[in-house]
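Protein sequences, first through last, are from chains A and B.
Per the working numbering, the very first residue in the first sequence carries number 1188; after that it's consecutive.
Per the working numbering, the very first residue in the second sequence carries number 155; after that it's consecutive.
Worth flagging that the hints you see were computed from the coordinates, not collected in a lab.
One should not assume that every hint holds.
[Claimed, not checked] Computed from the model, here is a short list of chain A residues facing chain B with C-beta under 10 Å:
1) L1207
2) R1211
3) E1213
4) L1214
5) R1217
6) M1218
7) D1230
8) Y1379
9) Q1385
10) I1386
Heads up, the beta-carbon is just placed ideally off N, CA and C, and yes, glycines get one too.
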Amino acid sequence: MAAPVDRLVGVLNGLIGDHLARSRNELATRMGLVHRGALVPLDRAALAAAYPEARPRVIVLVHGLMGTENNWRFADGRDDYGAALAGDLDATALYVRYNTGLPITDNGAAFAALLEALLDVYPVDIAELTLVGHSMGGLVIRGACHAGAEAGHRWLGRVKRAIYVGTPHRGAPLERIGRVVAGVLEAVPDPYTKLLAQIANLRSDGIKDLGDADVRHEDRARRVTSLALRDARHPVPLLPSIEHYLIAGTIATAPWLTALFGDAIVPLASATDGAARPGGPLRPSHVAIVPGVGHLELAHHPAVGEQLRAWCRGAAEATP
Amino acid sequence: MSAPGKLRGLAALVRDAVDAGSRAVERVQKDTAHRAYAVLEQVPGIDRAARGVHAVHDVGLSTVHGAIRLVNQVAGAAAAQVIDLVEPREQS
Chain A
1188 MAAPVDRLVG
1198 VLNGLIGDHL
1208 ARSRNELATR
1218 MGLVHRGALV
1228 PLDRAALAAA
1238 YPEARPRVIV
1248 LVHGLMGTEN
1258 NWRFADGRDD
1268 YGAALAGDLD
1278 ATALYVRYNT
1288 GLPITDNGAA
1298 FAALLEALLD
1308 VYPVDIAELT
1318 LVGHSMGGLV
1328 IRGACHAGAE
1338 AGHRWLGRVK
1348 RAIYVGTPHR
1358 GAPLERIGRV
1368 VAGVLEAVPD
1378 PYTKLLAQIA
1388 NLRSDGIKDL
1398 GDADVRHEDR
1408 ARRVTSLALR
1418 DARHPVPLLP
1428 SIEHYLIAGT
1438 IATAPWLTAL
1448 FGDAIVPLAS
1458 ATDGAARPGG
1468 PLRPSHVAIV
1478 PGVGHLELAH
1488 HPAVGEQLRA
1498 WCRGAAEATP
Chain B
155 MSAPGKLRGL
165 AALVRDAVDA
175 GSRAVERVQK
185 DTAHRAYAVL
195 EQVPGIDRAA
205 RGVHAVHDVG
215 LSTVHGAIRL
225 VNQVAGAAAA
235 QVIDLVEPRE
245 QS
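Next comes chain B alone, as it looks inside the complex (with noise of 0.2 Å):
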C-alpha cells in the first residue's frame, strides 16, 4: 500500500468517524431531549406549545448535524483531492 494510499484511507476513515460520530450524538441528543418533552407534552395548558418546541428542536439539532456531516464531506472530498494531486509529484 502505498502512502498517498494510506493518506486516503486515514482520510477516508476520520470521514466516517466524524459521520457516525454525528449520527450517534444526534440521536443521543433528540432521545435525551424525548425524554423531558414527553412529560411536557402530557401537561395540560401547555402540552401542544411543548410538541411545537419539540419538533421545533428535533429540526434544529438535525440540521445542525446535517451541517456538519456535510461539511465534513466536503472535507474529506477536498483532502482527497489533496493527496490525488499529491501522489503524482511523489512517484517522479
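Just chain A, same shape as in the assembly (with noise of 0.2 Å):
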C-alpha cells in the first residue's frame, strides 16, 4: 500500500514540490536514502542495520521527475539495475528519493552533500562510486558533481563512472512549449488568459530547469523563451575525471521520426548530448541508442539493464 501512496507523493512533489517546500508541507520529500520504502537515516547505525553487507562498491541510483525509486523496479516487480549491477560489480545499491518540483541546483546540491556525508558514515570504505540518473536524475549528477567540485568534497575522487538514462542534457522542448505557451498567454490582455498563464505557470522549479538543463542558478537567471535545444555546449561540462555513459530511447525506427521525438519526451540530441561531438568527452562506445523504448520505460527495461551491465563489467575488467 505504501508504494501506491509514495508513488502519488512523487509526482505531486513533481509538480509543485518547489511550493510544498516552501509552505513546509509534510508531503515535501526530503532528499534521502531510501531503504524498503523507508528513508534510512545518514548514520553508521543505521546504514549498517539496513546495509548488512555493505560492500565498498557503491552505486547510487537517482530517479527522474515526479518518481520515487520505485521507478527503477522492472515491470515484474523483483529486480532493478542496482541490484543487477550489485551482483556483478560486488557492490551495494543505493537509491535517493528526493523533491523533483525543487531547483535542480539545489537538488544537486543536497546529493553532493549527502554523499559527502556518507563517506564518513557508510559502514565500510567506500572504494569506488558509480552514479546512475535517469532523465532529471542525471541533470541532479551533473549538478551534485559541478557543487562538489566547487565545495571540493572527496566523493568525487571516488565516482568511477556516471550514467545518464535518459538524461535531457541539453534540455527538454516540452517544457519550452509550456514556457512558450505560458508566455503568449500572460500577454493576452484578458483575465481568463492571464488566469491560465498562472495555472501554468504553478508547474515546479524542477519542471522549468529541465527545459534548458539548467543545473546552476545562475544559468536559471538567464532563461530564454526559446524552442530550440540549447546549446552544443552545456555551461556545466561532464567532469573530465568521471567515465560518462549516455543512454537514449527511441520510440520509434524512422530515422525523422527519431531524431524528432526521440524517447516521446526527450529528444536524441539531448539524450546524447551531441553524441561524442567532437571535443566532447564522451567517446562513441559510450552513448548507446535502445530503439522502441519509451522515457519512463528507460529506468526499468531489460535491454537498458543489459547495456548498464556491459558497460559496468568492461570498464571493471579493463581496471587493474
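Two chains, two separate frames, one set of hints: put the complex together.
Shown next, in the form of C-alpha cells:
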C-alpha cells in the first residue's frame, strides 16, 4: 500500500514540490537514501542495520521527475538495475529519493552533501562510486558534480562512472513549449487567459529547469523563451575525471521520427548530448541508443539493464 | 513520512489550493467587471453612479472571497487539530 501512496507523493512533489517545500508542507520529500520504502537516517548505525553486507563499491541510483525509487523496478516488480549491477560488481546499491519539484541546482547541492556525508558514515570505506540517473536524476548528478567540485568534496575522487539514462543534457523541448505557451497566454490582455497562464506557471521549478537543463542558479537567471535546444556546450561540462555513459531511447525506428521525438519526452540530440561531438568528453562507445523504448520505460527496461551491465563489466574488467 | 503527516500535508495543500483559487477567481471577476464598468463610467450622466456601483461591487466581491478564505483557514486548522488528536492513538 505504501508504494502507490509514495508514487502519488512523488508525482505531487514533481508538480508543485517547490511550493510544498516553501510552505513547509509535510508532503514535501526530503532528499535521502531509501531502503525498503523507508528513509534511512544518515548515520553509521542506521546504515549498518539497513545494509549489513555493505560493500566498498557503491552504486547510487537517482530517479527522475515525479518519481521515486520504485521507478527503477522492472515490470515484474522483482529486480532493478541496482540489484543487477550490484551482483556484477560485488557492490551495494543505494537508492535516493528527493523532491523533484525543487530547482535542480538545489537537488544537486543536496546530493553532493549527501554523498560527502556518506563517506563518513557508510559502514565500510567507500572505494568506488557509480552514479546512475534517470532523466532529471542525471542532471541532479551533473549538478552534484559541479557543487562537489566547487566545494572540494572528497566523494568526487571516488566516482568511477556516471551513467545517464534518458537525461535531457541539452534541455527538454516540451518544457520549452510550455514556457512559450504560458508567455503567450500571459501577454494576452484578458483576465481568463492570464488566469490560464498563472495555472500553467504553477509547474515546479524542477520542471522549468528541465527546459534548458539548468544545473546552476546563474543559468536559471539567464533563461530565455525559445523552442530550440540549448547550445551544445553546456555551461557545466561533464567532469573529465569520470567515465560518462549515456543511454537514449527512441519510440520510433524511422530516422526522422527518431531525431524529432526521441523517447517521446527527450529528443535524441539532448539525451546523447550531441553524441560524442568532436572535442567532447564522450567516446562513441559510451553512448547507446535503445530503439523502441519510451522515456519512462528507460528506467526499468531489460535492454537498458543489459547495456548498463555491459558497460560496468567492461570497465571493471579493464580496471587492474 | 507518517500517515498523519501525509494527512496533515494533504489538508494544508487543499487549504492552499482553495485560498489561491479564491484569490485568482476574485481577480478574474474584478478584472472582467472592470471592463463593463469602465465603459459605463465614461457615459455622461451615469458615470458617478457607475463608479459607486463599481466600488460597492468590488467591496462585496472581496467580502465574499474573504469569507471563503476565512472559513477555509478555520476548517484547515480544525482538520489539523483532529489529525493531531488521532495521531497519538495510532502510534500507541
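So, going through the hints one by one against the coordinates:
The interface hint given for L1207/A holds, since its Cβ lies 7 Å from the closest Cβ of chain B, which is under the 10 Å cut-off. Restraint check, R1211/A versus chain B: the minimum CB separation of about 9 Å is within 10 Å; hint holds. For E1213/A, the interface hint holds, the least distance from its beta-carbon to any beta-carbon of chain B being 4 Å, beneath 10 Å. Against a cut-off of 10 Å between C-beta atoms, the interface hint on L1214/A holds, since the closest Cβ of chain B lies about 3 Å away.
Restraint check, R1217/A versus chain B: the minimum CB separation of about 9 Å is within 10 Å; hint holds. Of the supplied interface hints, the one on M1218/A is violated, with its beta-carbon coming no nearer than about 13 Å to a beta-carbon of chain B, more than 10 Å. For the restraint placing D1230/A at the interface with chain B, the shortest Cβ-Cβ distance is roughly 19 Å, beyond the 10 Å limit, so the hint is violated. Interface hint at Y1379/A: satisfied, since its Cβ lies 6 Å from the closest Cβ of chain B, which is below the 10 Å cut-off.
Restraint check, Q1385/A versus chain B: the minimum CB separation of about 6 Å is within 10 Å; hint holds. Against a cut-off of 10 Å between C-beta atoms, the interface hint on I1386/A holds, since the closest Cβ of chain B lies about 8 Å away.
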